[in-house]
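Since chain A is already given, all that's left is putting chain B on it; use the hints.
The primary structure of each chain is shown beneath.
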Amino acid sequence: MPIEPYTFIATSGVLLAVGIYGLMVKRNMIKMVMALEIMFSSAILSLVNFAYFRMYGFVDPILHVTAIIAISVEACLIGIALAFVINAYRHYKTLDIRELRRLRW
Amino acid sequence: MEILSPMIILALFGILTPIIGFICERGRVRNLVSAWALFGFIISFMACFRLMNLLNKNPVIVVSLYPSIGEYVAGFIVLDWLSFTFSIGFIFLGLISTLHSIDYMSHDTGLPSYYSLLLLMVCGMVGVTLAGDFLTLYVFWELMSISSYCLVGFRKHLWEPVEAGFKYLLMSAAGSALVLFSMSLLYGLTGSLSFARIASSLTGASPSILLYAIFILLLVGFGVKAAIVPFHSWLPDAHPAAPSPISAMLSGVVIKTGVYAIIRASYTLIAIPTVDFRPMLALLSVLTMTVGNILALVQKDIKRLLAYSSIAQIGYLVLALSLGTEFGLLAGIVHFFNHALMKGLAFLCAGSIIHVLGTRNIDELTGIGRRMPVTGVSFAIALLSLAGMPFLNGFISKYLIFAAAIDAQAYLLTFIGLLNSAVGVVYYVRVIQVLFRKPIEAVMKAHESPPLITSSLVILSLLCIIFGVWPQPLSYVAELAAHFTFQRLVYITSVLRF
Numbered sequence: 017m018p019i020e021p022y023t024f025i026a027t028s029g030v031l032l033a034v035g036i037y038g039l040m041v042k043r044n045m046i047k048m049v050m051a052l053e054i055m056f057s058s059a060i061l062s063l064v065n066f067a068y069f070r071m072y073g074f075v076d077p078i079l080h081v082t083a084i085i086a087i088s089v090e091a092c093l094i095g096i097a098l099a100f101v102i103n104a105y106r107h108y109k110t111l112d113i114r115e116l117r118r119l120r121w
Numbered sequence: 074m075e076i077l078s079p080m081i082i083l084a085l086f087g088i089l090t091p092i093i094g095f096i097c098e099r100g101r102v103r104n105l106v107s108a109w110a111l112f113g114f115i116i117s118f119m120a121c122f123r124l125m126n127l128l129n130k131n132p133v134i135v136v137s138l139y140p141s142i143g144e145y146v147a148g149f150i151v152l153d154w155l156s157f158t159f160s161i162g163f164i165f166l167g168l169i170s171t172l173h174s175i176d177y178m179s180h181d182t183g184l185p186s187y188y189s190l191l192l193l194m195v196c197g198m199v200g201v202t203l204a205g206d207f208l209t210l211y212v213f214w215e216l217m218s219i220s221s222y223c224l225v226g227f228r229k230h231l232w233e234p235v236e237a238g239f240k241y242l243l244m245s246a247a248g249s250a251l252v253l254f255s256m257s258l259l260y261g262l263t264g265s266l267s268f269a270r271i272a273s274s275l276t277g278a279s280p281s282i283l284l285y286a287i288f289i290l291l292l293v294g295f296g297v298k299a300a301i302v303p304f305h306s307w308l309p310d311a312h313p314a315a316p317s318p319i320s321a322m323l324s325g326v327v328i329k330t331g332v333y334a335i336i337r338a339s340y341t342l343i344a345i346p347t348v349d350f351r352p353m354l355a356l357l358s359v360l361t362m363t364v365g366n367i368l369a370l371v372q373k374d375i376k377r378l379l380a381y382s383s384i385a386q387i388g389y390l391v392l393a394l395s396l397g398t399e400f401g402l403l404a405g406i407v408h409f410f411n412h413a414l415m416k417g418l419a420f421l422c423a424g425s426i427i428h429v430l431g432t433r434n435i436d437e438l439t440g441i442g443r444r445m446p447v448t449g450v451s452f453a454i455a456l457l458s459l460a461g462m463p464f465l466n467g468f469i470s471k472y473l474i475f476a477a478a479i480d481a482q483a484y485l486l487t488f489i490g491l492l493n494s495a496v497g498v499v500y501y502v503r504v505i506q507v508l509f510r511k512p513i514e515a516v517m518k519a520h521e522s523p524p525l526i527t528s529s530l531v532i533l534s535l536l537c538i539i540f541g542v543w544p545q546p547l548s549y550v551a552e553l554a555a556h557f558t559f560q561r562l563v564y565i566t567s568v569l570r571f
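In order, the protein sequence lines correspond to chains A and B. Residue numbers for the first sequence follow the working numbering, so the first one is 17 and each next one is one higher. Residue numbers for the second sequence follow the working numbering, so the first one is 74 and each next one is one higher.
Hints were generated in silico from the structure; no laboratory data involved. Any given hint could turn out to be false.
Stated by the list, open to error - Calculated from the model, a selection of chain B residues having no Cβ within reach of chain A, i.e. all distances over 10 angstroms: (1) Gly100; (2) Leu168; (3) Glu215; (4) Ser218; (5) Glu236; (6) Phe239; (7) Ser257; (8) Leu258; (9) Leu266; (10) Leu275; (11) Ala344; (12) Arg433; (13) Leu492; (14) Phe509; (15) Lys518; (16) Leu547.
To be verified - DSSO-like mimics (lysine-lysine), calculated; alpha carbons at most 30 angstroms apart, straight line: (17) A:Lys47 <-> B:Lys229; (18) A:Lys109 <-> B:Lys373; (19) B:Lys373 <-> B:Lys518; (20) A:Lys109 <-> A:Lys47; (21) B:Lys229 <-> B:Lys373; (22) A:Lys109 <-> B:Lys229; (23) A:Lys42 <-> A:Lys109; (24) B:Lys511 <-> B:Lys373; (25) B:Lys229 <-> A:Lys42.
All C-beta atoms in this analysis are idealised placements derived from N, C-alpha and C, irrespective of residue type, glycine included.
For reference, chain B alone in the conformation it holds in the complex:
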C-alpha cells in the first residue's frame, strides 16, 4: 500500500477539495482552499520521495489490489525506477504550480474546482507511470486527459480557452481511441493486457506487418499527447489559452506522459529485434525539432513562443529515445527532468508578467525585466537554460543527448540536432534582449509580483542552477532508471514471478 500512497493522497485531496472549498467560501476565507491543495501536494511529494528506499532494496515492485495466487492479470501497479523518476517530477511541478496559483488565480471564481482538477490531473499522471497493465494505464490516462481538458477551458467566459480546449479535446481523444484500439489488437495477439505478459509473449517474435501496425497505432495515440510533429497542432493553441500555472504543468509534464508511454511501448513492450523503432522515431524527432524551432522564430506571443519551444524540446527528447541505447535513454530521462524544471519556470515567469501587465505580446513587454527584477532574472535563467548555456541544467541534458547520439554513431542526427539548437538560441536571446531593454511607457508603472509568485520562481531557478553545476543526484537516478528499463528481462521476471 505504501507504493500507492502518493496517488491515494492526491486522489483523496482532489475529491475532498470541493467540500473544503464550500466550507471556506462560507467562512469567507477563500485562500484556505489553496493552502489545502498545497498541503496535499507536499504530503504526496514526501510520500513519493520515500519510495526511493523501497526501490533501493528491490528495483521492480508489484502491488495489486486483489492479491492473486497465480499471475497478475489486470488492475495492478508496478513501481520501477523509470516510473519513480517520472512521478516525482510530476508531483514536484504540481507543487510549484499550486504555490504559484495561490496569488495568480486569486481573482478567479471556481477555485475549489480548479484545485480539485489540478490534484486529479497529477493523480492521473502518477497513475499512468505506475500502471502495470493497459487497463490501469487507460483509466489513469483518461483521468489525466479529462482533467486537463477542463483546466484548459477553465476560463470559459473567454473565447480563446473554449476554442483551444475543443481542439485539444478532439485530437487528444482521437489519440486515446487509437490507444484503446491497439490495446485490443495486442490482446488478440498475446492474450493478455499486462505489460509483462505482452512483452514476454513478443520476445523473440519475428517482425510482421501487424506488429508494425500496432506499434504505429500506439505511437500515434501516445504521440498526440506528446505533441510529436504531425499531431502537434493542438499544443500551441491549448498551452497559451490555459491559466499560466496550468500552461507550466501542460508544457512541463503532461506532454511527458506521452513520452513515458512511448518509452514503455518501445523499450518494454516491443523491443528492437521485433520492431525496429529507431528510424521511425528518428524521422519524427527531426520533424519535431525543426518545425518547433522554425515556427517559434516567428511568434509574437510570449506563451505561444514557449509552446513551440516545448515542441522543439520534445524533438530532442525523442531523438534521445530513437537511439535505442541505454545511454540515449539516460539522456532522455535527464532531459525530461530538466525540461520540466526549466519550461515550468519559463511559463511561470510568463504568468508572473501576465499577472502584472495583462498582455502576452512580446513587443509590449519591453524593459519589464528592469521593473520586475526577480521575474526578469528567473526568466533569463529559464531561457538561457533552454538555449543550453553551460552551468545551467539545460546544457547538461543537451550535452548528454548529443554525446549519446555520437556514441550511437548517429552523426547526421547529431548534426541536425546541433543546428536546431543554434536556431533555438536566436529566439531565446531575442526575448531576453526585449526583457532588459529600456522600459517603454506602459511598463514603467509595473512592479514586482506578490511574494508567493516570486518564491515559486526563485525555487525553480535555484534548482536550475543547482542541477546545472551538480547534476550527480539526477544522473544517479536516471542511470538506474535507464538501466532497469533497458534490461527488460528484470521487469518481466519480477512481474511474472518466475
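Bound conformation, chain A alone:
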C-alpha cells in the first residue's frame, strides 16, 4: 500500500502539537527538554517528507542536507540544555521547574 504524503504532514503536525503541549504542561526539566526534542523531530520529519514528495521521482538533496544539519545542531542544543539541567540540579537539588521560580516580574 503506497503511503500518502498527507500521512507524514499530519504526523509532523501532531508531533509539533505534542511538543508544544509537553513544553507547556510538564514540570520536570528533563521532560521539557524531551518535548523540545519532539518539536525539532517534527520539523525534521516535515523537511524529509517534503524532500521526497514535492516532485514525483526526485528527492531533493538540499533538504536532506538541511535535515542532517538540523539534527546535529539540535544535538548541540540538547547538550547545552542538559548542562543547564545539571547545574540547576546542583543549585536547587530538584528537577521540578516549579521550584525554579525565584525570578519573577
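Just chain B now, with coordinates in the frame of chain A:
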C-alpha cells in the same frame, strides 16, 4: 570572498581564542587574550566598513562557496544595504563590549571561552544578516543562539544565570523549531529554500490560510528572539543575569536579529498583497510597548528596568515596521542603530556601577553619579536619549517613527506610541534623579571605574550626541537600506540573475 571577510575573521579569531588563551595562561599574561579578541573585532569592523564601497557600485551582491552555472540553490550569501546596516551595528557593539569586558571580566575565570563565545555569537549574527537562503540562516541563527545561551549561563556557580539561561534556552529553542517547521512548509509550497526564489514564487499569490499560518509561525519563531510581547518572558530574566557586557550585546543587538528576520520575512519573502501583516504587527507593537513600559515602572533592579525598557523599544521598532511603508522601514532601521548605541551604553554604565558597588538595587545606588562622574553623566545621556530628549539620537529615531506613522495615517498608533513615550520618561527620569541625589553611606567610598571601562562609555556617549545633532550619515545608509528592501524586485532579480 571580500564579502565574507568580516564573518571569516570573526570565526577564525573565535576558534583560535582558546589556543591563544591557553598560551596566555601559561605565560601568566591573562589579559592578552582580551587584547586578541579586541584585535579581532577591530579588523572585522574595518573589513565590514570596506563593504560599503562594493555596495555603492552594486546594491545587491551574491556570493556562493560553490559557484553554480544556473540558479543559486542553497548555501549562499547575499549582501545588500539592509544586511550591511545591521552587521556593522552588530560588530561595532561587539567591539565596544569587548573593550568594556577587559576590566569588567578581569576577576572571572574561563576568559578564553568567554571571548570565544562572544566572537562566535557576533559571527553568527553577521551570518544571519548575510544569509541568502533558509539553510544558511538557520545554521547561523543557531550559532548565535547557542553561543548566547552559554554566555547567559556563563557564571554557572550562581543560581540566577542558570535559571534564567534555562528559561531562555527553552523558549528560544522552541522558537527556532517553529522556524524550521515553517521553513519546510515554505519549501513544500515553493520548492526552494532561497529567499529570492520563494519571494518570486509568492509574488502575486492570492491570500490563503496556509500562507497566513506560515507567516504566523515565522513571526512567532523570530518574535521569541525579538522579545515581542506574548513571547517576551525570558528577556527580563536572561538579560540581567548575564555579565553586563553580554547584557549590552543581548539587549542592544541580539534581539535585533529577530527584528531583522521579521523584516526579511515580511518585506522580502511575503509581501503585502499576499499576506497583510500590518494589523498583526500593529497589534503586537501596541502590546509590546504597553507591557514593557508598565512593567518597567515597578522595577527595583536597575538591569531589569533596562531589560523591560528594551521590550518597550522593540515595540516602537515593530510599530515602524507595521506601517508597511518605505518611510516606516527607514525609521525602523534608524531606530535599530540608535537603540543599539543607547541601550548598549545604558547597560555598560549599569555594568560599570555594578563593577564598583556590586549591587543592582536602584535605592542602593543613590548618589553614585556624584562619586563616579563619567559613568553618571554617560548613564544620564543614555537614559535621556532613551526617553527621547532632543539633541540626542533617541529623539531623532522616535521623531522619525512617529512622523512615519502620521504619514501612513495611523493616527491611533501614533497616539498610543506617544502616550507610551510619556510613560517611559517617568522611569528614566526617576533613575537619573536617584543617580544624582546626595550620596548615601555605602556609596561614599565608591570611586570611578578603571579607564578602559570609562573609555568605552565615553565613545558610546559621544556617538549618541553626534548622531543626535548630525544624523545625516545614519539616515543616508538607512534610506538606501529601506529603499532596496522595499523594492523587493531588485533583490529577486539580482539573486536569480534574470
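**Q.** Hint numbers contradicted by this structure
**A.** Those not satisfied are hints 3, 4, 5, 6, 7, 8 and 9.
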